[in-house]
Amino acid sequence: MEFRGFLAVKDVTLSVNEGTIHALIGPNGAGKTTVFNLLTKFLTPTRGQITFKGEDITRLKAAEVARLGLVRSFQISAVFPHLTVLDNVRVALQRPSGLATQFWRSSNALSTLDERAMELIDAVNLSSYRDLTASELSYGRKRALEIATTLALDPAMLLLDEPMAGMGHEDIGRISDLIRRIAKNRTVLMVEHNLNVVADLCDRVTVLARGEILSDGSYDTVSQDPRVREAYMGTEHE
Amino acid sequence: MAVGTQYIAEQPKLRTSSKVLGAIAIAALLAAPFFFYPVLLMSILCFALFACAFNLLIGYVGLLSFGHAAFFGGAAYFTAHAAKVWGWEPLAAILLGVAGAAVMGLLMGFLAIRRQGIYFAMITLALSQMFAFICLQVPFTHGEDGIQGVPRGYLLGILDLNEPLTMYYVTLAIFLFGFFIIWRIVNSPFGNILKAIRENERRAVSLGYRVDRYKLGAFVMSAALAGLAGGTKAIVFQFATLTDVNWQMSGEVILMTLLGGIGTLIGPVVGASLVIALQKYFAAWNFPVTVLIGIIFVICVLLFRRGIVGEILELMKRRQKGAA
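For the protein sequence lines, the chains are G and L, in the order given.
Quick note on numbering: the numbering used here labels position 83 of the first sequence as 117, and the sequence is numbered without any gaps.
Quick note on numbering: the numbering used here labels position 216 of the second sequence as 211, and the sequence is numbered without any gaps.
No wet-lab data here; the hints were simulated from the structure.
Among the clues, some could well be false.
[Claimed, not checked] To give an idea of the interface, some chain G residues facing chain L are shown, with a C-beta separation under 10 Å as derived from the structure: (1) Pro79; (2) Gln83; (3) Ser107; (4) Ala112; (5) Leu144; (6) Leu171; (7) Tyr173; (8) Gly174; (9) Thr183; (10) Ala190.
[Claimed, not checked] DEER-style ranges, computed between Cβ atoms: (11) G/Asn219 x L/Gln315: 16 to 22 Å; (12) G/Gly82 x L/Arg109: 41 to 47 Å; (13) G/Trp138 x L/Met117: 29 to 35 Å; (14) G/Asp234 x L/Ser13: 48 to 54 Å; (15) G/Ser145 x L/Gln111: 28 to 34 Å; (16) L/Lys275 x G/Leu166: 58 to 64 Å; (17) G/Ile110 x L/Pro146: 45 to 51 Å; (18) L/Arg109 x G/Ala190: 28 to 34 Å; (19) G/Arg93 x L/Gln111: 49 to 55 Å; (20) G/Thr146 x L/Tyr32: 45 to 51 Å; (21) G/Arg150 x L/Gly152: 35 to 41 Å; (22) G/Trp138 x L/Phe277: 38 to 44 Å; (23) L/Leu106 x G/Glu149: 41 to 47 Å; (24) L/Arg109 x G/Asn219: 45 to 51 Å.
No residue lacks a Cβ here, since even glycine has one placed at the ideal position from N, Cα and C.
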């Protein structure tokens, strides 16, 4: 991927196996979010190929990729700030239920989605906040809401961009459990800075530095790699 | 364009009281021609509907169109031509205006929604100015003269619209119909997605929404409703001129909507009433009315950015929170 001559990500060959939790780590500016943007087609690669479940998605648009079941979250929490918690989740449920284009019906028709929405909201412990607008939630709860919204699509693969960023200790534990639970029948690729979380959750780790892959393998293999220690872990991991 | 605008999150929960208020408002509108000059009231109703149609786009999708005059004025020309030259029944002529505006909305929207923010506004402005130029050149609009002396005719061949009161009640019915449609769209499953796009477009895309289609759909609906207002205006005032298609008209509807409150249902109605009433009452003054409206506009934007209705709703919401 080139930004006006600046090579942001180069020769990155990343394969994520079905049913695994895969971490993408690396120092700031390594190109992790760029990789996410490329995979979900928020950016178009200058060269290379992206396949999902054997299908070439390199030329698809972002919305089409999401429809195939490859759904992302964002680094800066992506909620609909002036909609309630319930409405946030319902927005995600509306499209698969065919309740998105009907402009002639009352929005009361959406109450059929409430049960499913509340299940998802329960799963991230937000039940008591269902009628608050998303902007009124704390940072950690916004992230939880975002995960609930992403899960509403029942995606085959989730891309989580720093799901734990800015979260307190308790929240991290809760979201870790949630990710482990949802990953049972899904594939997860996540960018994460908290290496304890990575060590604990992920089956495989890819280390990215300056737009290139530095190391790839299990957490133990990667953390022993001297180049990785030099570029990244030596300074950040205790 | 969401820059610098404050949206009202949720209307405060006052379902029953808002029904009562609605009933009072309709009663007042029914009685109004016995207290005010019907032509002024009809003018307000037409512009209020126009502003509501415009607000559907800025308030609920976050798109600032600077070319809505093309739909309003374009529909006025189509309706006027159908009623005068082809001798169509007034309602059919108005519907032709609506259809024409919808087609124009489809063409303009198709090009404009590819860009966002100020670029979206500039494309709509450029396209509407092109349309205004076409209106100046083609013979059927009669250039600087416009289409004059449009017959009001008989609604469905029965109701004589030359009767001022009949004309008023027909205009009121059209306004209420348009307002109801907007209310329905805003509070529909589709409207929910529009609000989501307004709030966070990237997120809506990442949830698999083809946002361009939703935007285009809303754009066409807004254009058609602006056309309903323009077509009705052509029948009420019996003319269609270049004033209605010029960019000043696009500016005026922005002003009305901002003044009343973007993203509130009745804000544009209040804004349009205020602007039209001021224009009428101060027309006789020596002090130029444009300057006066400009001053009011600046004061409003500085003091209450949410617009008149927006500020009132916000105040009620805060009270409710305080009470709870």
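Against the structure, the hints:
Interface hint at G/Pro79: violated, since its Cβ lies 18 Å from the closest Cβ of chain L, which is beyond the 10 Å cut-off. At a threshold of 10 Å, the smallest CB-CB gap from G/Gln83 to chain L is about 21 Å, leaving the interface hint violated. At about 8 Å, the closest approach between the beta carbon of G/Ser107 and any beta carbon in chain L falls short of 10 Å, and the interface hint on this residue holds. This hint holds: G/Ala112 has a C-beta 4 Å from the nearest C-beta of chain L, less than the 10 Å allowed.
Taken as an interface hint, G/Leu144 checks out: its beta carbon lies about 6 Å from the nearest beta carbon of chain L, inside 10 Å. At a threshold of 10 Å, the smallest CB-CB gap from G/Leu171 to chain L is about 13 Å, leaving the interface hint violated. At its closest, the beta carbon of G/Tyr173 sits 16 Å from a beta carbon of chain L; the interface hint therefore is violated under the 10 Å criterion. Checking G/Gly174 against chain L by beta carbon gives a least distance of about 18 Å; that is not within 10 Å, so the hint is violated.
Annotation: G/Thr183 was flagged as interfacial toward chain L, and the flag holds, the nearest CB pair being 7 Å apart, inside 10 Å. The closest approach between the C-beta of G/Ala190 and any C-beta of chain L is roughly 13 Å, which is over the 10 Å cut-off, so the hint fails. For the pair G/Asn219 and L/Gln315, the beta carbons lie near 44 Å from each other, so the given range of 16 to 22 Å is not met. The hinted window of 41 to 47 Å between G/Gly82 and L/Arg109 is violated, with their beta carbons roughly 26 Å apart.
At roughly 33 Å, the beta-carbon separation of G/Trp138 and L/Met117 lies within the given 29 to 35 Å, and the hint holds. One distance hint, 48 to 54 Å for the beta-carbon pair G/Asp234 and L/Ser13, holds here, with the actual separation near 52 Å. For the pair G/Ser145 and L/Gln111, the supplied restraint of 28 to 34 Å holds, since their beta-carbon distance comes to about 33 Å. Checking the proposed 58 to 64 Å range against L/Lys275 and G/Leu166 shows it is violated: the Cβ atoms sit about 45 Å from each other.
The beta-carbon spacing between G/Ile110 and L/Pro146, approximately 59 Å, falls outside the hinted interval of 45 to 51 Å. At roughly 31 Å, the beta-carbon separation of L/Arg109 and G/Ala190 lies within the given 28 to 34 Å, and the hint holds. Hint check: G/Arg93 to L/Gln111, Cβ distance near 23 Å, so the stated range 49 to 55 Å is violated. Under the hint 45 to 51 Å, the C-beta atoms of G/Thr146 and L/Tyr32, about 49 Å apart, fit the expected range.
Under the hint 35 to 41 Å, the C-beta atoms of G/Arg150 and L/Gly152, about 53 Å apart, miss the expected range. For the pair G/Trp138 and L/Phe277, the supplied restraint of 38 to 44 Å holds, since their beta-carbon distance comes to about 42 Å. L/Leu106 and G/Glu149 have their C-beta atoms about 42 Å apart, which keeps the hinted 41 to 47 Å range intact. Between L/Arg109 and G/Asn219 the beta carbon distance is about 39 Å. The supplied range of 45 to 51 Å is therefore violated.
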